[in-house]
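Go by the hints and put chain L onto chain F.
2 protein chains.
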Amino acid sequence: MIHAVVMAGGKGTRFWPLSRESRPKQVLPVVGGKTMIQETVERLSGLVPPERTYVVTGASHADEIRAQLPEIPPRNVIVEPAGRNTAPCIALSAAIIKKIDPDGVMAVFPSDHVISKQDALYKAMDAVMEGIDKDRSALGVIGIKPHYPETGYGYIKTSATLGGPAVKAEEFLEKPDLATAERYVQSGNYYWNAGMFFWRADVILDEIGKSQPGTTTAVLKLAEAFGTARFDSLMAQTYPSLASISIDYAVMERAGAEGRVIAAVADPGWSDVGSWRSLYDLVEPDSEGNRARGKLIAVDSTGAFAHNDKRLVAVVGLNDVIVIETDDAILVCHKDRAQDVRQVTEKLKERGLTGYL
Amino acid sequence: MIHAVVMAGGKGTRFWPLSRESRPKQVLPVVGGKTMIQETVERLSGLVPPERTYVVTGASHADEIRAQLPEIPPRNVIVEPAGRNTAPCIALSAAIIKKIDPDGVMAVFPSDHVISKQDALYKAMDAVMEGIDKDRSALGVIGIKPHYPETGYGYIKTSATLGGPAVKAEEFLEKPDLATAERYVQSGNYYWNAGMFFWRADVILDEIGKSQPGTTTAVLKLAEAFGTARFDSLMAQTYPSLASISIDYAVMERAGAEGRVIAAVADPGWSDVGSWRSLYDLVEPDSEGNRARGKLIAVDSTGAFAHNDKRLVAVVGLNDVIVIETDDAILVCHKDRAQDVRQVTEKLKERGLTGYL
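Residue numbers (this note's numbering), protein chains in the order written: chain F, 1 to 357; chain L, 1 to 357.
Capping the alpha-carbon separation at 25 angstroms, the derived lysine-lysine pairs in DSS-like fashion look like this:
id, chain 1, residue 1, chain 2, residue 2
1, L, Lys-310, F, Lys-347
2, F, Lys-310, L, Lys-310
3, L, Lys-295, F, Lys-347
4, F, Lys-335, L, Lys-295
Between beta-carbon pairs, the in silico distance windows are:
id, chain 1, residue 1, chain 2, residue 2, range
5, F, Glu-284, L, Gly-32, 40 to 48 angstroms
6, F, Leu-353, L, Tyr-148, 35 to 43 angstroms
7, L, Lys-11, F, Glu-350, 40 to 48 angstroms
8, F, Asp-206, L, Lys-310, 50 to 58 angstroms
9, L, Tyr-148, F, Gly-352, 33 to 41 angstroms
Chain L is nowhere near these chain F residues, computed Cβ spacing over 10 angstroms in every case:
id, residue
10, Glu-42
11, Glu-64
12, Lys-99
13, Gln-118
14, Leu-173
15, Glu-174
16, Asp-206
17, Phe-226
18, Thr-302
These are computed hints drawn from the structure, not numbers from a lab.
Being a predicted model, the structure only gives us computed values, none of them experimental.
Yeah, the Cβ is synthetic: ideal placement off N, Cα and C, and Gly gets one too.
Only chain F is shown next, with the shape it has when bound in the complex (with noise of 0.2 angstroms):
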C-alpha cells in the first residue's frame, strides 16, 4: 500500500510578513483560498486516505496543522521536538511505516510547494510507482522540466529512457551558479529536483541505515514506541541527537551514482514558492500587468502586486512593486529584490522589534 509522508518543518522566513516563526509558509494560504499544507493533503487524498497521511513537523504547529487536517487521524502529526533536516525526519516516517505495513511504499512530499497542473503529477506519480512495483529497490524522484536557469533550486541529471516519462537519475546536483545553470538547462537532460521521493519504507531505511546506522537504530525503536504513551518523551530524548543531514546527501547521490534511482520528468507547473517573487510568478497578471489577491488600484503602474486579505492597495506611479498586508505589518518590495525580506527580519532582530518575527 502507498503510503503519504508530508514534510512540515520548513519555516520560510521569505514569506515575511506574511509568515512568521509562529505561523509558517505551509499553514497559511499563500495561493488560494486553503493553506499550503491543506492544498498538498488534498492533492494527495486521491492517491492515499488519510489514515496513511503523515505529517511531520515541529512542536510550535503541530496544533494548527491538526485543526488545519481535521481529516487526518492525530497521532499522524508527528512532531519532532527539533528539526534535523529531511533523512531522519524521512527515516522515522519509513520505521512507523515499515511497523504497520512491512511492504509499504512510500510517497514523500514537501508542505508547501505549488502544483498547477496535478495530472501531469499524478501522471509521473504512476511511472515512478511503475519503476518500483518493477524493482523494490529502487528509488524514484520526479524531475521537473526546468523554464529556466533557477539558482535557487537543486538539479537532477539524467540519463537512459526507461520507458514513458521515466528516466535514470544519475546525478544529484546543489544549487548551481548562474552559468552553470543555464548550461543544465541548454543541455536538455537536467530537471530540477522537488524534493518528492517514492520508495518502499524498508528500502530507504536501508539506505540511509548505511550512512547513518545510528539514525536508523534510533527510529527503530521510536517506531515501536509508535502510538503508546512513551513515544513522546522517547522523541524528546532521543531525536534532537540524530544527525542533522539530507535525504540528498545522506542517500541520493550515492544511490544515483549506483544507477539505482528512477526520475519522472514531468512539467506540473510546479514552485517551491521560495519567495514573494516566485510567488508573483504564479498569478496571472490582470490586463494592466498587475497581480493582486484583494482590491487592487493602479495608477500609471505596471507589474505590481498585492497579496491583501483585508485592505485594499492603491499603487501610484511605480512599477514592479510587491505590497504585502498582514494585520501588524506591511512590506514594500521591489520584485527583484523579494530575496532580501529577509535581512528585514535580521534589522528586525538587531532592533528588538521581536514581536514582528
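Coordinates of chain L only, in the frame set by chain F:
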C-alpha cells in the same frame, strides 16, 4: 478686539487614504499628535480667547470639530449648508463679528496648514495689526518667503517697504506655470499667499459688498439671527444661493491694485500641506534618509516616507516611496507622483468602491 475665524471647509482628497469625504485633512492628526484644526486653534489661543474664535465648516464635520475643540462655544462653530468658497464665509463671519463688536478686527486662518515657526508668524501678525491700527481701512495679509518655485500656490507681488516686515502688496497672482514661478522667486518681490487675512469686520464687509452686494445683504440678515433658533433654517434657505467666489477674486485683486493691502512678509515654516509630498518635505529624515511616523525598516532603500500609526512598514530595494496605511487601505506612491493620488479616488468612484472614499 481681535476675533479669529478659522476656515475649515476643505475636502483634502489628495490625502487619501488618510483623509476621506467624511474625515477631511483638518480633522486628522497629519503632523504630530493633534489634529490640524486643533493645532491651528492652539496656535491662535495666545492671541484670541475661545469665545472670540469662530470656525466655519460643512455640516458633515461640525460635530467632529465641536468635539475636537471643546473650549470653543458650540455656536461659534458655524455650519455652511453648502460650501460657497471663501468670500461668503468671510462675509458671514464679518457680519457676525461686527454685530457683536462694531470695531472688531478679524484674523482669518485656514484650518489645515502647518506653521513650524510660530514666533515668526506672531511677529508678522503684529506688524499687520499695527498697520490696521494706523489705517483702519487697510487689508492685511501674510506673505510667505518662497523657498522654491512652487506652482501650486498663489503669489503676492509686493513693492514699497512700510517698515519692519510690512510691505505694500500690489498684485494677487494665481498659480503660475514653472517659468513664471521661477521668475517670481528670483525677483525677490513675490511671496506665497498663505490665505491668512487681517482686517476690520466692517471694512471687509463693505469691500465684499462692492462686488457682491447680494452676499452682504444676506449675511447681515444671518448675523441678526446668529445665536437664535432661526439661524440654522435661515442659513439653509439663503446661504446655498450666495455666489461661490474666493476672497482673492472678490476683493484682494482689486484692493491690491488700489494700494490698500499691507503684507507682512515672513518665513514661518509654512506649508499648506497640499499633498503627501508636502508633508514628506516637512518631516526630518533619519540617518538613512528615511522618514516615518511609526516603525519603519528600510533595506537598501532611501527617501522612504511612511505615515503609519499602527503597522510596521518595511521597504526593500525601493527609493523615494511613500507608504500610507489606514485601517482599510494602503497607498504606495512614488514621492514625485503625490499629486496623482487624486486619480486613486477617481478610480475608486469608477469601480464603485465608494466605501473607500
